[in-house]
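Colleague: Heads up: the sequence lines are chains A and B, in that order.
FYI, in the working numbering the residues of the first sequence are 58 to 375.
FYI, in the working numbering the residues of the second sequence are 54 to 393.
Some hints here could point you the wrong way.
Claimed, not checked - Only some residues are given here: those of chain B computed to face chain A with a beta carbon under 8 Å:
id, residue
1, M54
2, L253
3, F255
What the hints assert, rightly or not - Pulled from the structure, derived: some chain A residues nowhere near chain B, Cβ distances all over 10 Å:
id, residue
4, F107
5, G167
6, G172
7, P177
8, I188
9, A229
10, T240
11, S362
Since the hints were derived computationally from the structure, they do not count as laboratory data.
Small disclaimer: the values here were computed from a predicted structure and weren't measured.
Ideal Cβ positions, reconstructed from N, Cα and C, are used throughout, including at glycine.
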Amino acid sequence: MKHPARLAWQALLLVALLALGGLLVATTAGHLQERGIRSGFDFLLEPAGFALGESLLPFESGDSTLRAFAAGLLNTLRVALPGALLAVVVGVVVGFGRLGDNPLVRALAGVFVNGVRNVPLLLHLLAWYFILTDLLPAADAALRLAPGVFLSKSGLALPWWGEAGWELPEPAGFSIDGGARLTPEYLALLIGLSTYSAAYIAETLRGAVQALPPGQRLSALALGMTPRQAFVLVLLPQAWRAALPPVTSQLLNLFKNASLAVAIGYPDLVSVAGTSLNQTGRAIECLLIVIGVYLLLSLLAAALSHRLERRSLRGMAP
Amino acid sequence: MIALRRALFGDPLNAALSLLILAVLALTLPSLVDWALLKARFAPDVAACEALEHSGACWGVVTEKARFIVLGRYPAEQGWRPALAAGLIAGSWVAAALGWLRGRALIAALTVLPLLALPLLAGGFAGLDAVPTELWGGLPLTLLLTGLGMAGALPLGIAVAYGRRAPLPLLRGLLTAYVELARGIPLVAALFVASFLLPLFFPGDLAPDMLWRVLIAIVLFAAAYLSEIIRGGLQAFPEGQRSAAAALGFSPWQIQRWIVLPQVLRHVAPSLTNSAIALFKDTSLVTIVSLYELTGALGLALSGDAQWRPFYLEAWLFIAAIYWLGCALLARISQRLTQA
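With these hints in hand, go ahead and build the complete structure from the sequences.
Modeller: Next comes the structure, spelled out in structure tokens:
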């Protein structure tokens with residue numbers, strides 16, 4: 058394309074975009090006026106007027122909406138970060154299982170990967186939520202998994218630092234006192250997210266190892282290494298580099314998938330935004346916050362993974 | 054036999070693992086068979102199911118609720134319409150998976166049949182009652198969202214991929230921003246936008262139904278992912294072929310249409326089907342904005358029914374099996390496409 062033509066096309070595009078944008082703004086403003094909805098971010102400083110099911114950041118309905126969003130974001134991170142760690146650990150174990158020479162382990166890992174990946178994540182979450190809230194015994198008949206660890210309809214009670222130092226949870230009538238408590242919503246989301254991502258990570262690892270040229274393994278064996286040494290010392294370091302970008306993208310997916318919390322009532326960022334949106338009618342503002350936070354964290358993760366990749370490539374021939 | 058024994062018990066670690074797995078299987082398999090088959094009840098009889106106290110599966114919940122879960126709230130006396138609509142779309146998948154359809158016929162079937170399912174579900178002509186989109190649900194809706202979503206996202210994805218290679222910096226910048234935006238946010242957020250924001254963008258009462266708004270969101274969301282796949286394919290395309298075609302007198306348009314695009318699409322077909330599988334599973338999220346496809350219909354069928362609700366897990370397994378089958382079908386299509 059010749060230069061003037063290019064300029065003309067871009068000018069045309071710009072005009073069309075400005076026209077469309079103006080039209081959208083005008084239409085939206087009309088709708089907002091007609092429904093009597095004010096716009097602006099001032100509502101963030103006003104009392105939220107709703108409570109959260111749980112939050113790390115102490116929160117009451119009289120606190121500001123901004124604090125509610127912060128508590129929501131913290132809740133997202135509280136499930137996504139341990140979830141990512143669990144997903145990598147389980148994914149690596151299952152991936153190695155699928156690559157191993159034991160046919161039983163291979164079959165079991167295969168069943169896990171195919172069973173988990175072919176069912177939507179939302180269904181996983183609903184099943185875990187049902188199991189944790191409907192099938193478990195009530196708190197007065199809680200399952201005692203270990204000293205001070207109780208599992209029941211009201212969640213998982215764990216030993217934790219309390220006001221009086223290290224506390225072991227104790228059954229007390231119809232509830233369990235002391236220690237820390239993980240709610241069924243949190244547990245369902247944590248288990249569902251991490252197993253789902255683990256299945257994908259396992260598959261990625263398997264693909265990365267199997268994509269290596271067969272000569273690598275054969276020459277390692279020819280040098281006198283045992284199969285296990287060849288795997289750990291020769292195949293794994295190379296496969297890890299190939300697997301790093303897809304694994305980071307899986308972890309980013311896990312973080313985005315944490316928004317499914319809204320379906321089982323865990324107050325993550327998106328469900329706080331949904332509640333606040335219904336309460337104030339400020340749909341544009343609430344969704345802009347959600348989109349902004351996710352984009353920012355995606356960019357951050359991209360930069361981090363880029364650095365990690367560069368580090369892992371250091372010392373390698375280009 | 055010796056090889057198997059060596060593989061299972063060759064060294065201490067493997068022997069321990071094998072024994073552990075065998076022990077767990079020996080402990081759980083019999084009770085699983087007991088639960089799922091031997092002690093299970095298949096008749097829709099709540100009293101009999103309750104008497105089991107979960108020692109056996111109550112498949113009666115599936116017998117009782119299957120129709121509602123699979124077809125949703127669609128008017129019962131018109132049940133043949135959603136059934137036929139689902140059959141059309143699923144049929145095209147089966148035909149593609151079995152390799153009966155190839156090339157242009159395949160693409161035509163995968164795009165035209167979901168479009169045919171639309172008027173069938175909507176009605177309002179030739180003596181068919183008009184059925185509002187709020188009442189569409191179950192498996193037909195899942196298949197429709199997947200089929201139409203892909204049919205809309207593929208052309209858009211191709212256009213975006215080409216647009217990002219155009220010699221117009223403004224266009225490139227805009228499209229890059231769109232792709233990064235769509236890929237950076239979760240689908241749930243996109244569905245919220247479709248549900249709450251899109252109505253504000255249409256003048257007067259012209260905003261389309263939730264179904265169409267959700268479909269717009271799904272198409273825009275999926276197209277961003279597809280465009281990245283196609284862009285990768287275009288980048289990997291060998292330059293020599295382009296030059297050769299140009300030397301033979303092909304116009305730039307003809308080169309893309311007859312030389313580049315067919316090969317690129319075939320090359321990235323497995324990634325495209327992977328996206329279709331992801332979309333098929335992701336359609337379950339539309340239940341969050343009150344469209345009752347398969348997953349939503351499951352909730353709708355059981356959450357308000359105290360009698361049957363305790364047997365949620367059995368109904369869940371039924372739905373999971375349907376999703377599993379759908380994913381297996383699409384994966385099979387992917388294999389076919391790479392063989393062709």
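Colleague: It remains to establish, for every hint, whether it holds in the given structure.
Modeller: Each hint tested on the structure:
1. M54: Hint on M54(B): violated, closest Cβ of chain A at ~13 Å, above 8 Å.
2. L253: Nearest chain A Cβ about 5 Å off; hint holds.
3. F255: Holds: closest Cβ of chain A sits about 7 Å from F255(B), inside 8 Å.
4. F107: It holds; F107(A) is separated from chain B by about 17 Å at its closest Cβ, greater than 10 Å.
5. G167: holds, 13 Å
6. G172: About 8 Å separates G172(A) from the closest Cβ of chain B, which leaves it inside 10 Å; violated.
7. P177: Incorrect as stated: the minimum Cβ-Cβ distance to chain B is 4 Å, not above 10 Å.
8. I188: Given a closest Cβ separation of 8 Å, the condition is violated.
9. A229: holds, 28 Å
10. T240: Non-interface label on T240(A) holds, nearest chain B Cβ at 19 Å vs cutoff 10 Å.
11. S362: Label holds. Min Cβ-Cβ 14 Å, cutoff 10 Å.
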